[in-house]
Amino acid sequence: MTQNCPASHLCFLDKYLQGAPYLLPNEPAILAPYICHSDLDLANIFVNNGETTRMIDWQGIWGTPLMLSGRQPSFIRFGGEPILTLAQDFAELGSKEQSAIEAQMKQTIICNLYQTRVAEEDPLLNRVFYQEFGMLRYWPIQFVGDTWAGDIIFLRDSLIQIEKHWEKMGFEFSSPLHFAKDDLRVYDEEIIGWNDIQVFWDAISHFVAEDGFVLSDMYEESVHIFKYMRNRALERVTRKVREV
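Residue numbers (the working numbering): 104 to 347.
Please note: incorrect hints may appear among the correct ones.
Simulated crosslink set (DSBU-like; lysine-lysine; CA at most 35 Å straight-line) [unchecked claim]: (1) LYS284 - LYS267; (2) LYS284 - LYS271; (3) LYS209 - LYS199.
By construction, these hints were calculated from the structure, which means they are not laboratory data.
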């Protein structure tokens, strides 16, 4: 697999270097260095009487181009359809459905309020939020520094998307990035395998974290689950060997 092949890492790092000079737009205002908190959440923001009094967890923060560091806080972002009004049949729904809709509605209002305030008070940051192909330019830079920790698939796919959208990004010369069709086919197969692995980890996430951490009261049950999975895997391998 690409993730475990040193030559693949060198190959994609080389491709990154070929495309890196063109990733950031030539706009000095959003390329100027800023110090922005990269991991704001409700646990590291302190509020008193409606005023923000302190933000903690600044370790590892350094001055980077606003184009790369200007991001909405995680508690602002949300998935799904925005909801601003309750449906006519809301009262007829079950309590769980009502709670889910109310939570989505609350998050929609928070997100809209945040975006409105940023547009009014920080137009430069707002430009970063709505920069055309902004995330497409950002992802290769984000993933290139940690490919051995599992990010090589993300780096590879972000570079593939750069090649795919090269002309739409406004470049009037050929892309320096090239991926052969056979390679793209292999990559697609690897993504399917990677997705299967993620489904597995999601399924057991209430027992074991991806880094192997297990709560003490879940240890015995986790050991039992992994022993069962190991035995099932050995049975499948043994069966295939016999068939051969």
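Open item on the list: Of the numbered hints stated earlier in the document, which are not met by this structure?
Closed with: When the structure is compared with the hints, none of them turns out to be violated.
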